[in-house]
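Novice: The lines below spell out each chain.
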Amino acid sequence: MKTFNIYTIVTSLLLLMTGLTGYSQISKVDIIATGLTCSMCSNAINKQLKSLSQVSDITTDLNTNTFTVSFNNNQMVSPKVLKDAVEKAGFFVGSMVLTLEPENLKVDNYKAKIGDTSFVFMDEKKMNSAQVQYKVVDKGFVTQKEYKKLSKTYAKHGSYSSENSQMYHLIAL
Amino acid sequence: MFTSFGIYAQELFVVTEPASNAPAGSLSVRVGQSLMKNDLTDSNMYSLSPEVTWGISKNFMVRASAYLDNSVNSLDIAGAGAYVKYRFFSVDDLQSHFRMAAFGRYSWNKTPIKQEPIDLMGRNSGFEAGLVATQLLKKVAISSSVSYGQAWDNDGNDFPEFQGKSALNYTFSVGRLMHPKRYVSYKQTNINAMIELLGQTITENGRSYMDIVPSIQFIINSQARIDLAYRKQLYASMHRPVADGVFLKLEYTFFNVTK
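Those protein sequence lines, which keep their order, are chains P and B.
Sequential numbering from -16 applies to the first sequence in our numbering.
Sequential numbering from 521 applies to the second sequence in our numbering.
Some hints could be false.
[Unchecked claim] Listed next, the stretches of chain B that the computed footprint assigns to chain P, with coverage defined by at least 3 CB atoms under 8 Å from CB atoms of chain P:
id, region
1, 540 to 546
2, 655 to 661
3, 732 to 745
These are calculated hints, taken from the structure and not from any lab test.
Where is the CB? At the ideal position from N, CA and C, for every residue including glycine.
Throw the hints in and build the complete structure from the sequences for me.
Specialist: Pasting the structure below:
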């Protein structure tokens, strides 16, 4: 299996935890929405996010269009569900930062699995237990310009360009 | 007069529609009123148009409108219309976007046709199809649309024989967020100032008009809108007894009504 590059090996191991534990490993998510500057637009996103049953609270910075989403105990929605909510309001996600609880998250070979969802940590250098904030860098979770740059940077990454909706790629902040 | 209505603040234009759509699952109710000077009768024509807009999905919205006015006698139903808009292109960045959408309108009307302009929002039966592009850059939104309109006989009132039945419509709108300078909460009232240009050329004979519509808009509680506008004819080479007037529009959006 020499065709595997280092990243594939990095991302190919590990299966841990079952869906039963939910998403308690993610304590909050910060979303910056793009394409808007008005409070009515922002409110449309706010209402979409609030309509998700797993969401317990949302705080908003209207000047930067940042939505900080907290969840009910042991409940989190996948990044895609949050992205869909923003898009339903008519806008896009420019940035999504997950705050992880490292003690609840088993990371093996730069990969972690929560329920059916896989998270791949892109930069091993910065990977340490104190690190809690990670930015999702998949298509649709960053601005279109940023995604173009990232796809060049990670052109050789095994899973990054695969656009697997169950797999998220994370960069430590 | 091909006027229409939008959903997003600086581009929530008063008499034109941006490329952005109503949020998916939202239902908004709008009541438009206008008082227009009627040169034929030397009186004012009052119009009332209730409408409901539904965001079916993030890219697709529909709207049903009713048009009432006192042009024939007392306030009576003049017509009704359906409008659809599909957003097919979006490039969004932080605090900016460029979007394009295609739209269509079908209108039914029963009033006598006493004017040359084709107005599918209250005076003519017919259809319209067009494209709109909108650029938002921080506090400023710029939007432009082009459409083709085709009128036919009104219900019980024939289309005048020597008038052109089809038209090219073109609009240009600019809106700017004036207040607040800095947001504190959703409760803050937003104030937008807008200027819109509406033009039409009858394709059969080249007759045209151009109107300018300055307006001020208040967004209350990030959920309700009050628009106040004045429509003024800049030029017209066609018979147009009703052109200038004031508009007052009220709108309330119910979010997440449908999934």
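Novice: What hint numbers does the structure not satisfy?
Specialist: none
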